[in-house]
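Undergrad: Below are the chains, spelled out letter by letter.
There are 2 protein chains.
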Amino acid sequence: MSGVVERLRAALGHRVDTSPDSLALARADKSGHAASGLPLAVVNATSVEDVQQTMRIATETRTPVVVRGAATGLAGGANAGEGELALSLRAMDRILEIRPDDLLAVVEPGILNADLNTALAEHGLWWAPDPASRAISTVGGNIATGAGGLLCAKYGVVRDAVLGVDLVIADGRLLHLGHRTVKGVTGLDLTSLVIGSEGTLGVVVGATLKLRRLVPGEVCTIAATFPDVRAAAVASAAVTASGAQPAIMELMDAHSLAAVHALLKLEPPTPGATQLTIQTDGPAAVTEADAIAEVLRASGGTVAVSHDREEGERLLTVRRMMHPAMESLGTALIEDVSVPRSALPAMFDEIARVEREHGVTIPTVAHAGDGNLHPNFIFDAPAGSAIGAGGIVEAPAYIWDAADDLFRAALRLGGTLTGEHGVGVLKRRWLADELGDDQWELQRQIKAVFDPLGILNPGKVFSR
Amino acid sequence: MSGVVERLRAALGHRVDTSPDSLALARADKSGHAASGLPLAVVNATSVEDVQQTMRIATETRTPVVVRGAATGLAGGANAGEGELALSLRAMDRILEIRPDDLLAVVEPGILNADLNTALAEHGLWWAPDPASRAISTVGGNIATGAGGLLCAKYGVVRDAVLGVDLVIADGRLLHLGHRTVKGVTGLDLTSLVIGSEGTLGVVVGATLKLRRLVPGEVCTIAATFPDVRAAAVASAAVTASGAQPAIMELMDAHSLAAVHALLKLEPPTPGATQLTIQTDGPAAVTEADAIAEVLRASGGTVAVSHDREEGERLLTVRRMMHPAMESLGTALIEDVSVPRSALPAMFDEIARVEREHGVTIPTVAHAGDGNLHPNFIFDAPAGSAIGAGGIVEAPAYIWDAADDLFRAALRLGGTLTGEHGVGVLKRRWLADELGDDQWELQRQIKAVFDPLGILNPGKVFSR
Numbered sequence: 001m002s003g004v005v006e007r008l009r010a011a012l013g014h015r016v017d018t019s020p021d022s023l024a025l026a027r028a029d030k031s032g033h034a035a036s037g038l039p040l041a042v043v044n045a046t047s048v049e050d051v052q053q054t055m056r057i058a059t060e061t062r063t064p065v066v067v068r069g070a071a072t073g074l075a076g077g078a079n080a081g082e083g084e085l086a087l088s089l090r091a092m093d094r095i096l097e098i099r100p101d102d103l104l105a106v107v108e109p110g111i112l113n114a115d116l117n118t119a120l121a122e123h124g125l126w127w128a129p130d131p132a133s134r135a136i137s138t139v140g141g142n143i144a145t146g147a148g149g150l151l152c153a154k155y156g157v158v159r160d161a162v163l164g165v166d167l168v169i170a171d172g173r174l175l176h177l178g179h180r181t182v183k184g185v186t187g188l189d190l191t192s193l194v195i196g197s198e199g200t201l202g203v204v205v206g207a208t209l210k211l212r213r214l215v216p217g218e219v220c221t222i223a224a225t226f227p228d229v230r231a232a233a234v235a236s237a238a239v240t241a242s243g244a245q246p247a248i249m250e251l252m253d254a255h256s257l258a259a260v261h262a263l264l265k266l267e268p269p270t271p272g273a274t275q276l277t278i279q280t281d282g283p284a285a286v287t288e289a290d291a292i293a294e295v296l297r298a299s300g301g302t303v304a305v306s307h308d309r310e311e312g313e314r315l316l317t318v319r320r321m322m323h324p325a326m327e328s329l330g331t332a333l334i335e336d337v338s339v340p341r342s343a344l345p346a347m348f349d350e351i352a353r354v355e356r357e358h359g360v361t362i363p364t365v366a367h368a369g370d371g372n373l374h375p376n377f378i379f380d381a382p383a384g385s386a387i388g389a390g391g392i393v394e395a396p397a398y399i400w401d402a403a404d405d406l407f408r409a410a411l412r413l414g415g416t417l418t419g420e421h422g423v424g425v426l427k428r429r430w431l432a433d434e435l436g437d438d439q440w441e442l443q444r445q446i447k448a449v450f451d452p453l454g455i456l457n458p459g460k461v462f463s464r
Numbered sequence: 001m002s003g004v005v006e007r008l009r010a011a012l013g014h015r016v017d018t019s020p021d022s023l024a025l026a027r028a029d030k031s032g033h034a035a036s037g038l039p040l041a042v043v044n045a046t047s048v049e050d051v052q053q054t055m056r057i058a059t060e061t062r063t064p065v066v067v068r069g070a071a072t073g074l075a076g077g078a079n080a081g082e083g084e085l086a087l088s089l090r091a092m093d094r095i096l097e098i099r100p101d102d103l104l105a106v107v108e109p110g111i112l113n114a115d116l117n118t119a120l121a122e123h124g125l126w127w128a129p130d131p132a133s134r135a136i137s138t139v140g141g142n143i144a145t146g147a148g149g150l151l152c153a154k155y156g157v158v159r160d161a162v163l164g165v166d167l168v169i170a171d172g173r174l175l176h177l178g179h180r181t182v183k184g185v186t187g188l189d190l191t192s193l194v195i196g197s198e199g200t201l202g203v204v205v206g207a208t209l210k211l212r213r214l215v216p217g218e219v220c221t222i223a224a225t226f227p228d229v230r231a232a233a234v235a236s237a238a239v240t241a242s243g244a245q246p247a248i249m250e251l252m253d254a255h256s257l258a259a260v261h262a263l264l265k266l267e268p269p270t271p272g273a274t275q276l277t278i279q280t281d282g283p284a285a286v287t288e289a290d291a292i293a294e295v296l297r298a299s300g301g302t303v304a305v306s307h308d309r310e311e312g313e314r315l316l317t318v319r320r321m322m323h324p325a326m327e328s329l330g331t332a333l334i335e336d337v338s339v340p341r342s343a344l345p346a347m348f349d350e351i352a353r354v355e356r357e358h359g360v361t362i363p364t365v366a367h368a369g370d371g372n373l374h375p376n377f378i379f380d381a382p383a384g385s386a387i388g389a390g391g392i393v394e395a396p397a398y399i400w401d402a403a404d405d406l407f408r409a410a411l412r413l414g415g416t417l418t419g420e421h422g423v424g425v426l427k428r429r430w431l432a433d434e435l436g437d438d439q440w441e442l443q444r445q446i447k448a449v450f451d452p453l454g455i456l457n458p459g460k461v462f463s464r
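So the sequences go chain by chain: A and B.
Using UniProt numbering, the first residue of the first sequence is number 1, and each one after it goes up by one.
Using UniProt numbering, the first residue of the second sequence is number 1, and each one after it goes up by one.
Treat the hints with care, as some may be off.
Given that identical chains are not distinguished, each listed pair holds provided it fits within a single copy or across any two copies.
[What the hints assert, rightly or not] Below 20 Å or equal to it, Euclidean Cα-Cα: the simulated DMTMM-like pairs (lysine to aspartate or glutamate) are:
#	residue 1	residue 2
1	Lys154	Asp101
2	Lys210	Glu122
3	Lys210	Asp160
4	Lys265	Glu313
Honestly, the hints are just simulated from the structure, not real lab data.
Here chain A stands alone, though its shape is the one from the complex (with noise of 0.2 Å):
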């Protein structure tokens, strides 16, 4: 096996990393899971060439492959253990192209999708998806994953916002899919197919962007808190049922809201109190922000709304502190599903039923307007628990048990296990259920097709 490493060092030199902290790095993300021990080494890839360089290596030597950007992912995707190359993106970080009159921009996988909207801003533009991570995570992190955000409901996720990609395959071939044009069919939609793939496909080298023109006009921001979690459950299915679309709606249940109440140091909420925070925007942005203000009151609600942008971003704060007040309970395994909007206040009602019979505490946030929650199961880091490097405790069996019983609660909604995260390691014993045998089968033979040895990211997603 160091013979690959010494090939990988002749082809690539430096940009050949084995120091003992990198390759300690490159086993875990931010979900709390590392991989089994440590990779062969961390290749700092500056260009397409030498992410072909890699694969070709690799393919002659059997060696499995993992893909990295900024390792802020949640499912373990990007962990890479024994045996295996890291390889990193996150050096590939140039705009290559920025035209406002086609409204696309071309990019290197590597840049932080805050960066790239801070460069597009420039030109009044910006990228839609705005994953919670958006200010740590990359372009070609987003795209592996298939990330969504706050903004879904109303400006879509990556599959909506991605034109084509440039797509590097396990043998080191390079491919351009899809096209810079708003419209397409010639052949398969191979982008969608690389979109949320999480490495199993290919390596992203490229990406061509659909941008969109900055939002005029005012931000409207309501702060509404209800009794209970169900009441603003229904309150939010309201107000999609009246047909207004908010930019956001968050919802924060009444454990989530306290923690982070506890944290800024704010007066506690009252017992129970739950929480809908919702920005509308556009021309109807002040229309808009009064009658869903009027639903929110006649759900029973307690508003308060703001027509000015900064105060808005404060009201929005206590949402942004979710992760942070986690942290501040215990460990925290972060989980994603999404249930048809219908579905939310049931879900809920799921999620207090597996808190009561698994005696586990599941503070949870949602993105209303879409449907996707992000129940967090909290833990101790027991004294005799796995610890990796970086501090990674793993979840304990008993939290596995009650994530279970949650998912498949999802899943009887009409939802799925993953609204945004992606499958990675945490949730690929749950993938066939979800998507049956037959068609899990078929998708491991398309995986094939792109990476016939199979030493694109191994053992993530595809395997039970």
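We have chain A; now place chain B onto it with these hints.
TA: Positioned in the frame of chain A, the structure of chain B alone reads:
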């Protein structure tokens, strides 16, 4: 081979149609192309089980199957010929579910786009894809071709409006692809792969569609004439660059405009005159229309604005009469290239060049908001030309030479062979030019995963 028909008849009874008229009709679509010879039978499926039985018998007997809807295709993709079965889904036309709260509908594939939208309108909803054929084309056909239409720049194409499909694959197994949720990244996105796959991967027997609420507010219509086509194309680019987002922006060149005026017995336009017809909708319709009118005047246009919905429809009638007007000129090969919006003026220059160099007339309309052009190659059906059932006339070689020149020009400009009609039979020989040989071969291998015996629409899309 007659054994196939007997087995089908034993299983499906009178739903197996072998009348000469039905067989002859199944050879053709609206492209002008017809398959060689007559198919063995037309199976009129009325249920998913009918489709599964047909595919099981087809697999056992290695009989090719061509799936058909309303036969309005423009690339020959649904034409069935000698030794093949035509599998019609037109009779599977039920709406199974409409959910205003979840903004989705579940339908069978044979329902007409317009019939679905009539039913949805009662709930204040619509399915956005609006191919020009919407009154006569099926939702299943729209999915199979990845159809577009007039409203795409603002409201998206079929790919943006389908959450999931039920697919019967070659051996008769039924797969449920996709989900009912707004977000979902569980496994590979096979739904997107099936959209636009033109019957090569499986039989779409059901679809979960993503709906929109009917857009409230006014509709404004702007008609602007220009002295030549380049001026109109530059003006349409200026509208896009201004940040306005028209719902519809249609460009007619001088040939097209003159032909429609003649057909409708309107006063002839000034020689060389071209037209842009633009509609704005939603809460900012009037403001946007006024701003667009200013841009058009600054670009040298003679502009008329109407705030009346019916008057707007009258202005659009000129555009909608394009196809009948072409038929009045001769026989038309209707093409479908798409280019980045900024390349529209250059593409019109190329069309003029092809007209000059090949001595053909190519009246062209364009969905100028998204860069999709429909050049109509006009020819006379010569006395000795191949005329099949229903008066089908194949385009002669000199027309294909001119089309070849035009396709290559579109590719050079960063465009694509087909924006919304598909590859079918008529464009298969250019497919590898756009995809590259490596991707072309990869796509064929993916098809083989779904259809290892090659019985699904053989000879279409992936034949050279």
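Undergrad: Run every hint past the structure and note whether it holds.
TA: For each hint, the structure was consulted:
For a Cα distance limit of 20 Å, the shortest separation of lysine 154 from aspartate 101 across copies, 15 Å, qualifies, whereas the shortest one inside one copy, 23 Å, does not. Within a single copy, lysine 210 and glutamate 122 get their C-alpha atoms as close as 16 Å, which meets the 20 Å cut-off; across copies the closest is 33 Å, which misses it. Taking CA atoms no more than 20 Å apart as the test, lysine 210 paired with aspartate 160 passes in both settings, with 8 Å inside one copy and 13 Å between copies. Proximity of lysine 265 to glutamate 313 under the C-alpha cut-off of 20 Å is restricted to the intra-copy arrangement: shortest distance 18 Å within a copy versus 60 Å between copies.
The structure meets every hint from the earlier list without exception.
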